[in-house]
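A.B. asks: Take a look at the letters that make up each chain.
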Amino acid sequence: MSADLTPRTIPTWRVVLQVIGYRPWLYASKAVVEVLTFSVAPWLSGLVLKAYFDRLSGQASAGLNAWTLAALFVGIALGQAVTSLGDIVMSTTLGRTMQALLGRNMLEGVLEKPGARALPESTGEALSRFRDDTAEVGNFAYMLLAVPASLVFLPVALATMLRISVLVTLVSVVPLFAIFGVARLASRRIGGYREATRVAESRAQGFVGEVFGTAQAIKVAGAEDRVIGHLDELYERWRAVRQREALFEHVLEAMSFNLGSFATGVTVLVAASAIRSGSFTVGDLALFTTYLGSIAGFVTIVEQVVASYRQAEVSVERMRHLM
Amino acid sequence: MEASRPFGAGATGLFRYRHLLWRYARPVRWRAALMVALVLVGLGLQLASPQVLRYFIDVARGQAPGNLLALAALFFAVAALEQVSAVASGYATRGAVVRATNRMRSDLARHCLGLDMGFHDSHTPGEMIQRLDGDVGALASFLMQLVIVVGANGLLLLGIIALLFGVHWLVGTSLALFVFLSLLLLLRLRFIAVPHWVVSEQAEAELYGYLEERLAGTRDIRALGAVPYVVRRFHVFLGNAYRKALRASVMSGITYNAATLLFAVGTAVGLFAGAWLYHQREITLGTAFMVFYYATMLAGPIQMITIHAEHLQNATASIVRIRQLAETRSRVPEGPGLELAPGPLSVELDHVTFGYDPEHPVLRDVSLGLEPGRTLGLLGRTGHGKTTIARLEMRLYDPQEGAVRLGGRDLRQSREGDLARHVGMVTQNVQLFRASVRDNLTFFDPSVPDEKILGVLEDLGLGRWYRSLPSGLDTALSSGGGGLSAGEAQLLAFARVFLRDPGLVILDEPTSRVDPATEGLIERAVERLLEGRTAIVIAHRLATVARVDEIAIVEGGRVVERGEREALARDPASRFHRLLRVGGDLDEVMA
Numbered sequence: 082m083s084a085d086l087t088p089r090t091i092p093t094w095r096v097v098l099q100v101i102g103y104r105p106w107l108y109a110s111k112a113v114v115e116v117l118t119f120s121v122a123p124w125l126s127g128l129v130l131k132a133y134f135d136r137l138s139g140q141a142s143a144g145l146n147a148w149t150l151a152a153l154f155v156g157i158a159l160g161q162a163v164t165s166l167g168d169i170v171m172s173t174t175l176g177r178t179m180q181a182l183l184g185r186n187m188l189e190g191v192l193e194k195p196g197a198r199a200l201p202e203s204t205g206e207a208l209s210r211f212r213d214d215t216a217e218v219g220n221f222a223y224m225l226l227a228v229p230a231s232l233v234f235l236p237v238a239l240a241t242m243l244r245i246s247v248l249v250t251l252v253s254v255v256p257l258f259a260i261f262g263v264a265r266l267a268s269r270r271i272g273g274y275r276e277a278t279r280v281a282e283s284r285a286q287g288f289v290g291e292v293f294g295t296a297q298a299i300k301v302a303g304a305e306d307r308v309i310g311h312l313d314e315l316y317e318r319w320r321a322v323r324q325r326e327a328l329f330e331h332v333l334e335a336m337s338f339n340l341g342s343f344a345t346g347v348t349v350l351v352a353a354s355a356i357r358s359g360s361f362t363v364g365d366l367a368l369f370t371t372y373l374g375s376i377a378g379f380v381t382i383v384e385q386v387v388a389s390y391r392q393a394e395v396s397v398e399r400m401r402h403l404m
Numbered sequence: 238m239e240a241s242r243p244f245g246a247g248a249t250g251l252f253r254y255r256h257l258l259w260r261y262a263r264p265v266r267w268r269a270a271l272m273v274a275l276v277l278v279g280l281g282l283q284l285a286s287p288q289v290l291r292y293f294i295d296v297a298r299g300q301a302p303g304n305l306l307a308l309a310a311l312f313f314a315v316a317a318l319e320q321v322s323a324v325a326s327g328y329a330t331r332g333a334v335v336r337a338t339n340r341m342r343s344d345l346a347r348h349c350l351g352l353d354m355g356f357h358d359s360h361t362p363g364e365m366i367q368r369l370d371g372d373v374g375a376l377a378s379f380l381m382q383l384v385i386v387v388g389a390n391g392l393l394l395l396g397i398i399a400l401l402f403g404v405h406w407l408v409g410t411s412l413a414l415f416v417f418l419s420l421l422l423l424l425r426l427r428f429i430a431v432p433h434w435v436v437s438e439q440a441e442a443e444l445y446g447y448l449e450e451r452l453a454g455t456r457d458i459r460a461l462g463a464v465p466y467v468v469r470r471f472h473v474f475l476g477n478a479y480r481k482a483l484r485a486s487v488m489s490g491i492t493y494n495a496a497t498l499l500f501a502v503g504t505a506v507g508l509f510a511g512a513w514l515y516h517q518r519e520i521t522l523g524t525a526f527m528v529f530y531y532a533t534m535l536a537g538p539i540q541m542i543t544i545h546a547e548h549l550q551n552a553t554a555s556i557v558r559i560r561q562l563a564e565t566r567s568r569v570p571e572g573p574g575l576e577l578a579p580g581p582l583s584v585e586l587d588h589v590t591f592g593y594d595p596e597h598p599v600l601r602d603v604s605l606g607l608e609p610g611r612t613l614g615l616l617g618r619t620g621h622g623k624t625t626i627a628r629l630e631m632r633l634y635d636p637q638e639g640a641v642r643l644g645g646r647d648l649r650q651s652r653e654g655d656l657a658r659h660v661g662m663v664t665q666n667v668q669l670f671r672a673s674v675r676d677n678l679t680f681f682d683p684s685v686p687d688e689k690i691l692g693v694l695e696d697l698g699l700g701r702w703y704r705s706l707p708s709g710l711d712t713a714l715s716s717g718g719g720g721l722s723a724g725e726a727q728l729l730a731f732a733r734v735f736l737r738d739p740g741l742v743i744l745d746e747p748t749s750r751v752d753p754a755t756e757g758l759i760e761r762a763v764e765r766l767l768e769g770r771t772a773i774v775i776a777h778r779l780a781t782v783a784r785v786d787e788i789a790i791v792e793g794g795r796v797v798e799r800g801e802r803e804a805l806a807r808d809p810a811s812r813f814h815r816l817l818r819v820g821g822d823l824d825e826v827m828a
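First to last, the protein sequences are chains S and P. The opening position of the first sequence corresponds to residue 82 in our numbering, with each subsequent residue numbered one higher. The opening position of the second sequence corresponds to residue 238 in our numbering, with each subsequent residue numbered one higher.
Treat the hints as calculated values from the structure; they're not laboratory data. Take the hints with a grain of salt, since some may be wrong.
[Said to hold, decoys possible] Stretches of chain P that chain S covers, calculated by requiring three or more beta carbons in the stretch to come under 8 Å of a beta carbon on chain S:
| id | region |
| --- | --- |
| 1 | 701-712 |
| 2 | 789-797 |
[Claimed, not checked] Anything over 10 Å on all C-beta distances counts as not near chain S; from chain P, calculated:
| id | residue |
| --- | --- |
| 3 | Gln320 |
| 4 | Leu424 |
| 5 | Glu449 |
| 6 | Ala478 |
| 7 | Ala495 |
| 8 | Val502 |
| 9 | Thr504 |
| 10 | Gly606 |
| 11 | Arg658 |
| 12 | Arg671 |
| 13 | Ala754 |
| 14 | Ile759 |
| 15 | Gly800 |
If you're wondering where the values come from, they're calculated on a predicted model, not measured in any experiment. All C-beta atoms, glycine included, are put in the ideal place defined by N, C-alpha and C.
Isolated chain S, as found in the complex:
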């Protein structure tokens, strides 16, 4: 009922738990919807694709026919769209409820403060506590849901793949995670590149401002061409660092989001002889192709959750300060 923020000993995660506990059923049903949308649907799609190709190739003679399976594929997507819309409704409701709870407690705390103490900060800043910091805590609360959603998909997908072929699964998934880990580590360096670009950009922009603020003196000195020459140098420096940043970004992108086709390539290479002998079917290949593409995306989520918790900690501290 109450998200008590005042005692300074209560850690942020307890605050978040209290907020979650305010509407436990809403939170729980959102978790179910998330698992359905982001874990069950992609898992089922993979199975349907496998069944379709196995049926087509005659490697599975029983079960649903190819037409039904293609229709089922659309049916799963339709179900996914419905649960996803439900997820949006719950997210908004949950987020707003948490904001309302935190906001009301803060408002009461501020208004009923003993004595005639004024706000410890400006009205604008206090407003930001109500608007932005409550949203951060709510944001973390449902970021947390992405973890069970991916925690369901990863082991289930891996188990399905391992049952098909231990060797192919290991050989295709391990390099995927390895490359992905390297990309994650490398991505920490992007901050430095961004900063260099920002500095070079503001140098060039600043100089444009100076030039047009000094137009008269430049014209009097007849220095138009030389000043533009200097501007060109600043632009060129900006371009160089920006392009370096872009290169780094493109490499990271190739190493994380576009890994699907690369992983398929590894699968094909490893599974070649098994496919010939028939122990690895074309349906299995389709399943691996879809799952490998999805697995890459899930790893980023864990990082986002960690970042979001840090943000929530800062926000809770700020809200305490206001009260």
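Following the hints, complete the assembly by docking chain P onto the known chain S.
C.D. replies: Chain P only, in chain S's frame:
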């Protein structure tokens, strides 16, 4: 309405401004060619990999001859090369586009710098940053989008469809229809959430507006016992904001989920067509797999096109603004060129009438002559035309009537830069760049020898200041001259003029008070500046006026008194005589 024709505005805009674009594409055409080549290679690889996969499967199932491992290795190589080419083409695209746009920025800056001061008076530096960085930047991202959207993704879609037609007309037709319909639908859906978000933001604004007012008056609320009432009202506003946000989120969700659902439908179309043809024995299993693979590949480019279609519209306004700037002509047109002899120059204003706005002349029929080597003190109240006279001498503006002559030659004959060697100006506002001391003094002219700069600094009494600089002439000054005293900045402005050694100097004497030591240095600098040159001094101090040969008093845009300083000083009927008698600061006395 807009949503239904997302390419309309952008495409016609691009066509209309192709000359502008071509001018900047040309210098980078080899890079652009490389970029196009890399994009095409990438496309080729993307289109090739499912074909390899098809052969691989057919060979594996014994339906085609071939080396299975070699095909697997080929598929792997194509997939890996795809990544490399994506990086390379992304890098090359950015390089070509950024180079072209920076050149456009620089050309535009050069063009605007060459425009008359009237242009600069009406465009703030902030606005120029917005034009050069904002608008040219928008154009740059427009070009990037164009390459990505129309170029790469459009071609990828076309390529996939063409290859699917190669498999069977049924597959080609059904998936081409799918692409067409989903583009149509998604481009329409893109904007349905926008009005709902506007309403939602409105509700948020009301909520936080209410909250802000209460927070500003917490004490009164407590005193009146209105806390429960305020909390209740807060809840009402929260509820309203929630309902509006929910509706907007759902609308956004519909757009997003429609796309996901559509792509599943596309894949299913591929699956249906594949199953049908396989059962008809028209295609092999490998081909069926390839059709499936291509069908899943359609989602990416369709998504990219719908996302980036917005940007294609936004650039048109920027292109219009850029073109307006590029087409602005200077009201101080270039003459055939003006060669002046070095040394002191004569100055003449011949029946000059001028107004920044021609309807409201600042100077009316002003005639004023000055022999070479003589110095003239211009006196008058602020806003009565002294500074305007100085600006006309520099040809920062052309008069509407009459002529301004230097060394007997009409300034209208001059070209940009002709006067800089002969006329120097020291203004009250000294503007410094965020650049090295050397660049600030020489205006980025590397041909000025260091000894000359050091000589001038020593002569001006800045030797000690110079020796305190951590890296000498390479020391960076901050923008606006932070770290320099007003007097030091003023002396640097003198140094700029001494380095060019012009035959005519115009000095707008500083009014700001500086410390006595620096004031002594400035007075000595003024003295040296007036030696052996023709000079016009907009004087604010009696001490300065005491050094000039002649005096002109300007009032209401006319010269109301003119003569030898000493003669005027002796004549009790003159305005100048009265000024000297009252004494003090000239500005205050005349006001």
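A.B. asks: Each hint needs a verdict: does it hold in this structure or not?
C.D. replies: Structure-based check of all given hints:
{"no.": "1", "hint": "701-712", "verdict": "violated (count 0)"}
{"no.": "2", "hint": "789-797", "verdict": "violated (count 0)"}
{"no.": "3", "hint": "Gln320", "verdict": "violated (4 Å)"}
{"no.": "4", "hint": "Leu424", "verdict": "holds (19 Å)"}
{"no.": "5", "hint": "Glu449", "verdict": "violated (5 Å)"}
{"no.": "6", "hint": "Ala478", "verdict": "violated (7 Å)"}
{"no.": "7", "hint": "Ala495", "verdict": "violated (8 Å)"}
{"no.": "8", "hint": "Val502", "verdict": "violated (6 Å)"}
{"no.": "9", "hint": "Thr504", "verdict": "violated (7 Å)"}
{"no.": "10", "hint": "Gly606", "verdict": "holds (22 Å)"}
{"no.": "11", "hint": "Arg658", "verdict": "violated (7 Å)"}
{"no.": "12", "hint": "Arg671", "verdict": "violated (6 Å)"}
{"no.": "13", "hint": "Ala754", "verdict": "holds (26 Å)"}
{"no.": "14", "hint": "Ile759", "verdict": "holds (18 Å)"}
{"no.": "15", "hint": "Gly800", "verdict": "holds (29 Å)"}
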